[in-house]
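Just so you know, the sequences run in chain order R and E. Read left to right, the first sequence gives residues 1 to 478 (our numbering). Read left to right, the second sequence gives residues 1 to 98 (our numbering).
Okay, the calculated bits of chain E under chain R, using three or more residues with CB under 8 Å as the criterion:
1. 22-34
2. 84-91
What follows is a set of in silico ranges between Cβ atoms, one per label pair, in the way DEER data are often shown:
3. R:SER287 with E:GLU9: 49 to 57 Å
4. R:LYS269 with E:LYS6: 40 to 48 Å
5. E:VAL49 with R:ALA52: 51 to 59 Å
6. E:ARG83 with R:PHE225: 34 to 42 Å
7. R:GLU19 with E:LEU71: 35 to 43 Å
8. E:SER53 with R:LEU415: 23 to 31 Å
9. E:GLY48 with R:GLN467: 42 to 50 Å
Keep in mind the hints are simulated off the structure, nothing from the lab. Each residue gets a CB set at the ideal place from its N, CA and C atoms; glycine is no exception.
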Amino acid sequence: MTAQEIQALYRARKAVPSEVAEELIRRIEKLDPQIHAFAWFDPDSVRRQAGALQKEVTPRGPLWGVPVLVKDNICVEGVPTTCASRILAGFRPPYDATVVGKLKQAGAVLLGMSNMDEFAFGSSCEHSCYGPTRNPWDMARVPGGSSGGSAAAVASAMAPLALGSDTGGSIRQPAAFCGTVGLKPTYGRVSRYGLIAFASSLDQIGPISRTVSDCALLLQTIAGFDPRDSTSGNLPVPDYGKELEKGVQGLRAGVPEEFFIGGLDPEVKQAIEAAIEQYRQLGVTVSKVSMPHTEYAVPTYYIIATAEASSNLARFDGVQYGHRSSNGQTLLEMYTRTREQGFGPEAKRRIILGTFVLSSGYYDAYYGNALKVRTLIKQDFDRAFERVDFLITPTAPTPAFRLGEKIEDPLTMYLSDIFTISVNLSGVPALSMPCGLTKSRLPVGMQLIAKPFAEDLLLRAAYAYEQVAGWHRQKPNL
Amino acid sequence: MGISVKDVEYLAHLARIQLTPQECEQFAAQLDEILVHVQKLKSARTEGVPPTSHVLGLSNVFREDRPQPSLSTDQALANAPEREGPFFKVPRIIDPTT
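Start from the sequences and build out the full structure, keeping to the hints where you can.
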């Protein structure tokens, strides 16, 4: 069921929150031992929340009784929030992230915490201290990452809605691999207060859902200025649902030629080209655009993101929360052993790389230069949006790959984010939605990109395509 | 580029992480490969290009300096691996023999 279908049941008095909760609990208990999308799940907590909502005389809030899954790096008061890392084992935040507070205010039922790559470092959900999540469409394949648990849970109908976070594609790539909708909002559209930081100049929280209108519903709930996140934008939030049905007649779309390169899977290419043709038929003017600095996106990202990560992860030192090694005699030994035991291999690799690019003698050549190239990448988008309203690209170069296929080869893994990364570097919003299935029934994702704070246009363009294409009605065989 | 095992050991020290000899060797090879890929950035024309640190150009966000509700001492210490009274407890920092 989608969030809107659940809401329709409530309105028609055909179901109450406890019944919806029980149905999802049954489904999770049946499917999750195999898919492993949850990092934490407590059916009694779900029952308690749903029961409490029913006692309210007048149903309140736009998500009343709708279960929402939260990524394991977004703080929920009193609930284990661990970034799928041993170093945060047992951590129960003393406060709610702003987005979680908004969900509670809106009447949502918090369903649990979703599995992810440790600290959101990864594109496959294999780098988790809880073990990998599997792709509901093919259990031998990865769900993508890092928000793989959120996307897999939504795709397998264990959750109608989920929150993810996106630093280099971590919402959109798993959404593409699992055949769901995933939106990375504009940098500053959604508060990051209570999101455990990975790379602070790139991170955004966003919705994962099965339909575009559900995506609009969840974005509506979490968007907006927050004085506790000084990077959030103080701009009014439009009514996203209202914009959806405006249609796309007369809009201008751009197709960046640099995104159609060697290494792009032929079935992905075909699906995107078919979608572009459908946009033409809907009255969209499609033209080619050039984004000449696209080839620099991955190297720029892996300098900036690891630099920021190495700095952000310095706080995990065994002093205030989480794991502490018991075999350190001195403070320094306590630090080094705690971090040795607490971090997985990818976290260690990124901390070392980030420390290198920031270290004396290399700072200007790597980090300083990357910040300048970032400007060039952003200018590519600025120029494109002078001519077009939105961009159409593939979300990922291939459909979901196999478990274990890239885990030993970090560089190949990094290159799977090639189409999503420049969006984070530029701060613009982008959405991934299903646009086809391969011959072996793996979902293909299409990415739509718009200018800052144009989420309304993005959702409108996505909705128009979804209604004629109907890929959201395809489901994995479970 | 040439990242040696010794370089990785030094970086691990800076980052306060103990690595095994196998990890140092593996990371040296992998970082080398990543840094070769990153060399591509040298061909970008960045003369006179300003760096971007905030994509929307926000800077210096101020607010009134007024006291606000915050966590109690017990809440702040609730997750501490070790505490003593109202403090986080850590191993000895200053060596009394020096």
